[in-house]
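Turn these sequences into a full structure, and let the hints steer you where they fit.
Going down the list, the sequences are from chains V and R.
Each residue of the first sequence is one higher than the last, beginning at 81 in this note's numbering.
Each residue of the second sequence is one higher than the last, beginning at 91 in this note's numbering.
To be clear, the hints were calculated from the coordinates, so they are not data collected in a lab.
Being a predicted model, the structure only gives us computed values, none of them experimental.
Please note: incorrect hints may appear among the correct ones.
[To be verified] Interface residues of chain R toward chain V, partial, derived using beta-carbon atoms under 10 Å:
id, residue
1, Gly93
2, Arg121
3, Gly132
4, Phe135
5, Thr137
6, Phe155
7, Glu158
8, Leu181
9, Gln196
All C-beta atoms, glycine included, are put in the ideal place defined by N, C-alpha and C.
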Amino acid sequence: AQSVAQPEDQVNVAEGNPLTVKCTYSVSGNPYLFWYVQYPNRGLQFLLKYITGDNLVKGSYGFEAEFNKSQTSFHLKKPSALVSDSALYFCAVRGAGFQKLVFGTGTRLLVSP
Amino acid sequence: DTGVSQNPRHKITKRGQNVTFRCDPISEHNRLYWYRQTLGQGPEFLTYFQNEAQLEKSRLLSDRFSAERPKGSFSTLEIQRTEQGDSAMYLCASSLAGLTSSYNEQFFGPGTRLTVL
Numbered sequence: 081a082q083s084v085a086q087p088e089d090q091v092n093v094a095e096g097n098p099l100t101v102k103c104t105y106s107v108s109g110n111p112y113l114f115w116y117v118q119y120p121n122r123g124l125q126f127l128l129k130y131i132t133g134d135n136l137v138k139g140s141y142g143f144e145a146e147f148n149k150s151q152t153s154f155h156l157k158k159p160s161a162l163v164s165d166s167a168l169y170f171c172a173v174r175g176a177g178f179q180k181l182v183f184g185t186g187t188r189l190l191v192s193p
Numbered sequence: 091d092t093g094v095s096q097n098p099r100h101k102i103t104k105r106g107q108n109v110t111f112r113c114d115p116i117s118e119h120n121r122l123y124w125y126r127q128t129l130g131q132g133p134e135f136l137t138y139f140q141n142e143a144q145l146e147k148s149r150l151l152s153d154r155f156s157a158e159r160p161k162g163s164f165s166t167l168e169i170q171r172t173e174q175g176d177s178a179m180y181l182c183a184s185s186l187a188g189l190t191s192s193y194n195e196q197f198f199g200p201g202t203r204l205t206v207l
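Structure, rendered in structure tokens:
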């Protein structure tokens, strides 16, 4: 079975500081990993994905994520947070041969001025 | 706007009534997905189509739920005899699948928020 864990319900960071939102996953075979962001009353927006290749993946709005196979993690990072980054972030995994995404419970990011 | 669209955006209904939601995917996308999201949770997969064929259904999709994609374009999700537990955000997503694009990301619509009184 596929599963995703986002251990932090909320992450607080000051504007300009680096941010990390944690994600660990469980899947049989090679994982396809995704990060999405959700703003209030809106659908999910795709940020980035890891399929294969370099462990460091760059995505939209300056976000990046690091795939670590031994730790089964796919943490989302940004070198310098903006107030406008405040939103709900979801990590998702897709197992090889499956089409459905399995999401974590989400982490609320709050960036203070 | 060429993104995924969903209608209506909000639906309030009384318990026992039937409701139908519509999703229009990105035009060239051949895969279409339905998810349900409740407060404080991540989206949960319900079903997906490749073209007009419904290829997978979740155990969450009880016999009161039915989804169609008759011409491989837009899709409808119908809930019969709604229950209060059906109150949730229903999200639609689409993606392009093919020999060189099997790993493409899913693009989500804004969702339909259902409230069952």
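Verification of the supplied hints:
no., hint, verdict
1, Gly93, "holds, 9 Å"
2, Arg121, "holds, 7 Å"
3, Gly132, "holds, 3 Å"
4, Phe135, "holds, 4 Å"
5, Thr137, "holds, 9 Å"
6, Phe155, "violated, 16 Å"
7, Glu158, "violated, 18 Å"
8, Leu181, "holds, 6 Å"
9, Gln196, "holds, 6 Å"
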